[in-house]
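S.K.: Sequence:
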Amino acid sequence: MASGHRSILIAGAGATGLTVALELARRGHLPRIVDSDTGPVSLTESRALGINARTLTLLSPSRVSDAILQECQQIARFRITAKGRQLVDLDTTKLPGPYGAIYALAQGHTERLLLGKLSDYEIVPEWQTAVETVSGDLSRPTVVLRKPDGSVETADFDIVIGADGSRSAVRKAVGIEFPGQSLESSFHLADFRYALPIDPGFAEISLVDPGIIGRIPVTRDVLRYISTLADFEGRIQHPAPVAERVWASDFRIHFRHVDTMAKGNVFLAGDAAHIHSPAGARGMNLGIEDACWLAWLISEGRQKEYAELRMPAVKRVMKQTYRLTSLITMRNPVAITIRDLAAPLILRIPAFSQKLLRSVSGYDTQSPPWIDGAL
1 MASGHRSILI
11 AGAGATGLTV
21 ALELARRGHL
31 PRIVDSDTGP
41 VSLTESRALG
51 INARTLTLLS
61 PSRVSDAILQ
71 ECQQIARFRI
81 TAKGRQLVDL
91 DTTKLPGPYG
101 AIYALAQGHT
111 ERLLLGKLSD
121 YEIVPEWQTA
131 VETVSGDLSR
141 PTVVLRKPDG
151 SVETADFDIV
161 IGADGSRSAV
171 RKAVGIEFPG
181 QSLESSFHLA
191 DFRYALPIDP
201 GFAEISLVDP
211 GIIGRIPVTR
221 DVLRYISTLA
231 DFEGRIQHPA
241 PVAERVWASD
251 FRIHFRHVDT
261 MAKGNVFLAG
271 DAAHIHSPAG
281 ARGMNLGIED
291 ACWLAWLISE
301 GRQKEYAELR
311 MPAVKRVMKQ
321 TYRLTSLITM
331 RNPVAITIRD
341 LAAPLILRIP
351 AFSQKLLRSV
361 SGYDTQSPPW
371 IDGAL
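The opening residue of the sequence shown carries number 1 in full-length UniProt numbering; numbering runs sequentially from there.
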């Protein structure tokens, strides 16, 4: 069977699932994509915000990067302060290549841009369609789908891709474990719209020991604050009069990843395979990276290499985000003092600041061989 004519089912129409569909489509495949939700993530309730240079590189062949750059906010500086003292001030624009290290765009916007490009290939997600089971010979899996009207469809596919989030029905159906741990404390967030102009060009974490209050730009007039403190909203130093409290939420941080990202011809990508702290803004970006690698390998007939190629990147990012989260949420007074003294000194060393910049940009994982000149 010609590679372009293989039947491919993608479960999950979030950023990861849409990316793998788009990358397959532009290589001549016509995947089917289903999602149990009613549509893409709400524009005002998007947890993922960061888009790094690696993602922009990966989405450049489809021209999605061009659309993202028209709508996003570049985060030109990343700062960490403690007790009014600046510990870190990283210039994210000092990066080789066509992109800065990190930009901000709500996940809902990113998904809609991906949907727009995908429609050029006449591929539209089947919303309110859920994967019930994946069974049989996993070299050609049998999938049961529950339709919006409650009816059931059973079909065989050459390839099934689970991009259906941390509670992945695909992962559970094929018996892949999802071990890990969760942090004891909860995280809280709130988005505020301002009545006067603000500076959306930097992100900042204020260490209040114990705990943090982070500031991240969402749009030109909206900032997101994220904190480990339940009463953080009363501690925010707003840069201008508040026009509106747009959205608020809270969540627990989990560190989990599968031991294998494939079983037969069933593959996992994004949150279905790994979840971690939002520190470093790697979550959605890592899922998009999974998607692009998987689509390329499928088009090359090398999908069996996917798990082996992707697991090193997953483990690297998991380790980095755990360390960063531990650094910014530590409670031991002695450790806090050492951190606050050491951080500014270490980051004055060019090798360390460049390493941090490569991590923020996503350039610390394997370069995509199908894109000429990719870092």
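Be aware that a few hints might be false.
DMTMM-like, lysine to aspartate or glutamate: derived pairs with alpha carbons at most 20 angstroms apart [what the hints assert, rightly or not]:
1) K172 to D221
2) K315 to D231
3) K355 to D89
4) K94 to E204
5) K319 to E308
Just so you know, the hints here were simulated from the structure itself, not pulled from any lab data. It should be emphasised that the depicted structure is a prediction, and the values quoted were computed from it without experimental measurement.
S.K.: Against each hint, give a clear statement of whether it holds in the structure.
M.R.: Checked hints:
| no. | hint | verdict |
| --- | --- | --- |
| 1 | K172 to D221 | violated (41 angstroms) |
| 2 | K315 to D231 | violated (34 angstroms) |
| 3 | K355 to D89 | holds (14 angstroms) |
| 4 | K94 to E204 | holds (18 angstroms) |
| 5 | K319 to E308 | holds (18 angstroms) |
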